[in-house]
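As given, the protein sequences belong to chains U, F and D, one line each in that order. Under our numbering, think of the first position of the first sequence as 1, with each following residue one higher. Under our numbering, think of the first position of the second sequence as 1, with each following residue one higher. Under our numbering, think of the first position of the third sequence as 1, with each following residue one higher.
Hints are supplied without guarantee of correctness; some may be wrong.
[Unchecked claim] On the chain U side, residues computed to face chain D include the following (Cβ under 7 Å):
1. Phe187
2. Arg190
3. Val191
Keep in mind that the hints were calculated from the coordinates and are not lab data. Values in this document were obtained by computation on a predicted structure and should not be read as measured data. In this text, a Cβ means the ideal position worked out from N, Cα and C, and glycines have one as well.
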Amino acid sequence: MHISDGVLPISVVIGSAVASLAIAAWSVRQTDSEDLPKVAVVTASFFVSSLIHVPLGPTSVHLLIPGLVGVLLGPSSFLAILLGLLLQSLLFQFGGLTALGANALMMGFPALLCGLLFNKLRGRTQKQHVIVGGLAGGGGTLLAAALLALLLSSGGEDFFGVAKLALLAHLPVFLVEGLVSAFTVSFLFRVKPELLGQRFSALQQG
Amino acid sequence: MVDGQVVQLPQALLLAAVLALGLVSLLALKLLKSYLSGKQSAQQEPDWSVPVIDADAAGDSLFHRWDVRFKLVALLGFALLVVATRSPWSALIAMLIAFAAVVLARQPLLRSLKRLLAMSGFLGMFLLVMPLTVVSRPEDILLLFSGLEFLPFNLRGLQLALAISGKACAVALLMEPLLATASLPRTVEGLTRLGVPEKVAQMILLAHRYIFVFLEEARRMTTGMQVRGFRPRTSTETLKVMGNFLGMLFVRSFERTHRVYAAMQSRGYQGRFPAPFYFKVTGGDWLHAAIWLLLGVVLLIFDRSGVV
Amino acid sequence: MHDLLRLPPIDFDGPAQFEIRNLQYLYPSGQQALRGIDLSIAAGDRIALVGQNGSGKSTLVKHLNGLLKVQQGELLYQGQALAGEHLRRARLEIGLLFQDPDDQLFCSTLYDDVSFGPLNQGVSLAGMEPLVRQALASVGMEGLIYKPSHHLSYGQKKRAALACLLAMKPQVLILDEPTANLDPGQENILVELLHNYQGTLICITHDLLFAYELCQRAVVLDHGQIHHDYRMAELVAHPPSMREHGLDFSFRLAGLDSHQLPEPQVAAAVPLVCVADKSAEVATSPVVELSDYHYRYADGTQALSGVSFALRAGESVAIVGENGAGKTTLLNCLMGIHNGSGTHLFNGRELDKQQRQLLWRKVGMVFQDPADQLFCASCAEEVAFGPRQLGLPKDEVVRRVDTALERVRLAGYQERVPLHLSGGERKRLAIATVLSMEPELLILDEPTAGLDPQGEELLLEILHELPQTRILVTHDPFLVAQLTQRTLVLHRGKVLQDYSTADFLADQNLQSLNLLALSYKSDCSRQILALQHQHEHSHLHQHFHEHPHRHGEQVHSHAHEHAHEHDHVFTHTHGADSPEHCHQIRGRFHDHSHPGHENEEHEHEHPDD
Numbered sequence: 001m002h003i004s005d006g007v008l009p010i011s012v013v014i015g016s017a018v019a020s021l022a023i024a025a026w027s028v029r030q031t032d033s034e035d036l037p038k039v040a041v042v043t044a045s046f047f048v049s050s051l052i053h054v055p056l057g058p059t060s061v062h063l064l065i066p067g068l069v070g071v072l073l074g075p076s077s078f079l080a081i082l083l084g085l086l087l088q089s090l091l092f093q094f095g096g097l098t099a100l101g102a103n104a105l106m107m108g109f110p111a112l113l114c115g116l117l118f119n120k121l122r123g124r125t126q127k128q129h130v131i132v133g134g135l136a137g138g139g140g141t142l143l144a145a146a147l148l149a150l151l152l153s154s155g156g157e158d159f160f161g162v163a164k165l166a167l168l169a170h171l172p173v174f175l176v177e178g179l180v181s182a183f184t185v186s187f188l189f190r191v192k193p194e195l196l197g198q199r200f201s202a203l204q205q206g
Numbered sequence: 001m002v003d004g005q006v007v008q009l010p011q012a013l014l015l016a017a018v019l020a021l022g023l024v025s026l027l028a029l030k031l032l033k034s035y036l037s038g039k040q041s042a043q044q045e046p047d048w049s050v051p052v053i054d055a056d057a058a059g060d061s062l063f064h065r066w067d068v069r070f071k072l073v074a075l076l077g078f079a080l081l082v083v084a085t086r087s088p089w090s091a092l093i094a095m096l097i098a099f100a101a102v103v104l105a106r107q108p109l110l111r112s113l114k115r116l117l118a119m120s121g122f123l124g125m126f127l128l129v130m131p132l133t134v135v136s137r138p139e140d141i142l143l144l145f146s147g148l149e150f151l152p153f154n155l156r157g158l159q160l161a162l163a164i165s166g167k168a169c170a171v172a173l174l175m176e177p178l179l180a181t182a183s184l185p186r187t188v189e190g191l192t193r194l195g196v197p198e199k200v201a202q203m204i205l206l207a208h209r210y211i212f213v214f215l216e217e218a219r220r221m222t223t224g225m226q227v228r229g230f231r232p233r234t235s236t237e238t239l240k241v242m243g244n245f246l247g248m249l250f251v252r253s254f255e256r257t258h259r260v261y262a263a264m265q266s267r268g269y270q271g272r273f274p275a276p277f278y279f280k281v282t283g284g285d286w287l288h289a290a291i292w293l294l295l296g297v298v299l300l301i302f303d304r305s306g307v308v
Numbered sequence: 001m002h003d004l005l006r007l008p009p010i011d012f013d014g015p016a017q018f019e020i021r022n023l024q025y026l027y028p029s030g031q032q033a034l035r036g037i038d039l040s041i042a043a044g045d046r047i048a049l050v051g052q053n054g055s056g057k058s059t060l061v062k063h064l065n066g067l068l069k070v071q072q073g074e075l076l077y078q079g080q081a082l083a084g085e086h087l088r089r090a091r092l093e094i095g096l097l098f099q100d101p102d103d104q105l106f107c108s109t110l111y112d113d114v115s116f117g118p119l120n121q122g123v124s125l126a127g128m129e130p131l132v133r134q135a136l137a138s139v140g141m142e143g144l145i146y147k148p149s150h151h152l153s154y155g156q157k158k159r160a161a162l163a164c165l166l167a168m169k170p171q172v173l174i175l176d177e178p179t180a181n182l183d184p185g186q187e188n189i190l191v192e193l194l195h196n197y198q199g200t201l202i203c204i205t206h207d208l209l210f211a212y213e214l215c216q217r218a219v220v221l222d223h224g225q226i227h228h229d230y231r232m233a234e235l236v237a238h239p240p241s242m243r244e245h246g247l248d249f250s251f252r253l254a255g256l257d258s259h260q261l262p263e264p265q266v267a268a269a270v271p272l273v274c275v276a277d278k279s280a281e282v283a284t285s286p287v288v289e290l291s292d293y294h295y296r297y298a299d300g301t302q303a304l305s306g307v308s309f310a311l312r313a314g315e316s317v318a319i320v321g322e323n324g325a326g327k328t329t330l331l332n333c334l335m336g337i338h339n340g341s342g343t344h345l346f347n348g349r350e351l352d353k354q355q356r357q358l359l360w361r362k363v364g365m366v367f368q369d370p371a372d373q374l375f376c377a378s379c380a381e382e383v384a385f386g387p388r389q390l391g392l393p394k395d396e397v398v399r400r401v402d403t404a405l406e407r408v409r410l411a412g413y414q415e416r417v418p419l420h421l422s423g424g425e426r427k428r429l430a431i432a433t434v435l436s437m438e439p440e441l442l443i444l445d446e447p448t449a450g451l452d453p454q455g456e457e458l459l460l461e462i463l464h465e466l467p468q469t470r471i472l473v474t475h476d477p478f479l480v481a482q483l484t485q486r487t488l489v490l491h492r493g494k495v496l497q498d499y500s501t502a503d504f505l506a507d508q509n510l511q512s513l514n515l516l517a518l519s520y521k522s523d524c525s526r527q528i529l530a531l532q533h534q535h536e537h538s539h540l541h542q543h544f545h546e547h548p549h550r551h552g553e554q555v556h557s558h559a560h561e562h563a564h565e566h567d568h569v570f571t572h573t574h575g576a577d578s579p580e581h582c583h584q585i586r587g588r589f590h591d592h593s594h595p596g597h598e599n600e601e602h603e604h605e606h607p608d609d
């Protein structure tokens, strides 16, 4: 779920924009400058995967995958997410342009955190990779939902109801994301483990 | 326990209101859907299409002729000022101004309508939930329906939600005049002239370009799974296949990044994209931008002073 | 043992454009990709770089414009190593056409893509538009100048990518599998363009017919080494050395032998009789039948209009047509992925929407690109995926996996990772994933795309063994002849022709319709066949000469006596209607030259004929 224009108080809009600008600048600096085009191309695939719907009972949910992006891109993930959200806003009006900073914080911060944790805890065995990957995937979504609720609540007491609802709506997604991420990590571990190293240069040769 | 002025209403009214609202929205949705889908009514397959951002780059209007840098600053500035307003009436005025912009830029309403529709879920949540969950204040008007006393309907909540929806719609309406009236590369080049680092700006174009490539790949892979009998269900098996699918998509995209980068290098890429654009500023650009920003500021002043 | 004494095959004076000495390359994985490459390329050379998949062709080419750094050895471009400013300049002079045009069209519109290179070359903005227009016009796409690349068809993308290079006026043009996935019409356009190109041409390809047409020199790579450096004509005239490098496509030529119709190869004779025999009973229950079938895409494009045909059990039918003729759409309809309007019968019963959803149980499809079909982490899982969806018991699934893998010659591959297999293996795996579902109807979309001739031959062998009713979609007349008895010609969503494959292959109208440019291919084929034919008459004779040669890994050079088989041009003809390869041998010897060792002694006389 993306925040649209006009929901957040103007102070939060500006504050979050400044904050995500700072983090994005840091994220750019963490990325090898010659890898920036590569991050852009990979972002396109994240964009596409976020369009995929997974059936859930009578309805279907679409994936947010902040955790998975973090797992794959590490420090560059914030940049990728900012880019992806910008394009979603431009193309589909998913999330407002003025709320881009807030949306980027909400999805990008969990990505950074999950990426870091995954890198620290992934260990060597497939089992550990899968468990940590699943936790990162699910945790990313949960954290994003919590941040969404927090941002919505910044509008004052009046918004608590909506914030709670938004948080609740993400709970089933959390489970789906966790499992899908675990399966994805397990697939990558067997097929192309270099991808889990969060570095482009490590996989120069395909 | 409940503050505010309470207006007691019979349950029948609620029923009637809900029914009327439901019918109207159902009808509207039906009409909209048939309008949007137009010729493609026979389609049952999932729609993978991605809209074109710069659909009308070759057109001509006030907005087409406007220098993109001024357009970006003015319209985004206006959007920010709109977002800062509070009352639903300012939002309404902003919506009207934005609508006028769509007309002036000669943009088809259909595309703007699609944008509004994309937000309907999110805004619908506000419209439904806020009147029921906002904190009651002494000056609020609460509607209480007999039999449903525990669920007061707060008009201030409705007002808030309407203001939010109005602002969201106003900004969304501005998107078509802002984005569709110049080619995307030109808009992005405008961004770099405004101080966005060139490399980052180029990333927007690259990511945008490859969305279409990966969509095509994803579509073929989905077909591949389909012909081997895969039907998504609510099951771990489905999630596992999805996991593999995403993994494969990522592997392919990572492999592609290297080929794309090699292709760029082979044509002399040295870390920067050459920009094939001229920019020329006229007095009209300044004037146009000034008008928009002024409009925004006036709107905000009126809003804050409580006139509207 | 390899004869190495054929360098340089084309005389050139002046400095070499590329000078490669003892180039080695080791992948980070430790795999040796190139070992001791020595090659000099003159300006204006036209080289076909051939060899099996994985022989190091792409790696070598990536060195030529500095995409890969020289690890060991030396590579000079115009006398200097590729580094710094020289590398930058070299890249602007060397055009590299990638296999997948989507890799190369990375900008938002064609204009931006084409102008990217020239702008890097420092061409001013003012002169840009005419330059871009000219480049696009040369590939016949001037009207699409402001189109985003994702609106183009595959063939158009390929040409656009070439235009991007031509706009830079490259002195060297390197092409990586330029004809992959192009229909013959598109291929012809490409050949014509390349014919007119004046600079150095280096072309990686499996399509020796294409190479034969364009190149004078053939460099054969094998396991990272240059095994031959021939004149093109010499290479194709020498089936044994082609065979050794998995390049022997002579099997493709067999059918074209001197006669217009590849009659001996068309399996038509037997099956056609079958059809005639059984027509009375079979005709009543075709496996699939479409009548007056229409399909329109969401965007309003009419992809199929009024398609009608029936497919009998055990029949093999080819569907041919230009890119965009609606072939893929038709397949998707047959699979039940798309739902068109009109009658669609399967096994004699009309299908409604729900039943179309179940068609996957009966119909199997092998995609053009196996990457679209393979998404599991092991071959066993991959092949088991379909049977599992069918709800089969576990031991049955295992049994089917084993049989299917065995069928495609991949027995024992159960635990291998599909992504790590070679192109040919992946293709066969994709076929196994479909076979394990035991479909009644098997659809093959360009089954040999991207395979080297050896892989192609193996695939054909496998396909010949399959009993299923088959639909084959291909641009390759040879495959049509080999695998099918009947051919449907699709053109703009309509079935233009539905006749026997023999009739199709003899049909001259198709060429005038520019549907399938067969004539060019068969011309080349016949020329090559003639060359091979000449060569079959070389004979052994003894003489001395010094002669570098290879025993396995060892290369040495000393004079010794050995049996040496000459190439010599022995021009002779036989009547076009002669079915056999018979010609009079006019004595044991005929006049021929001894290139490279004219003055050495020979143990045979040269009668003046």
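Cross-check of the supplied hints:
1. Phe187: holds, 5 Å
2. Arg190: Since chain D brings a Cβ to about 4 Å from U/Arg190, closer than 7 Å, the hint holds.
3. Val191: holds, 5 Å
Every hint from the earlier list agrees with this structure, and none is contradicted.
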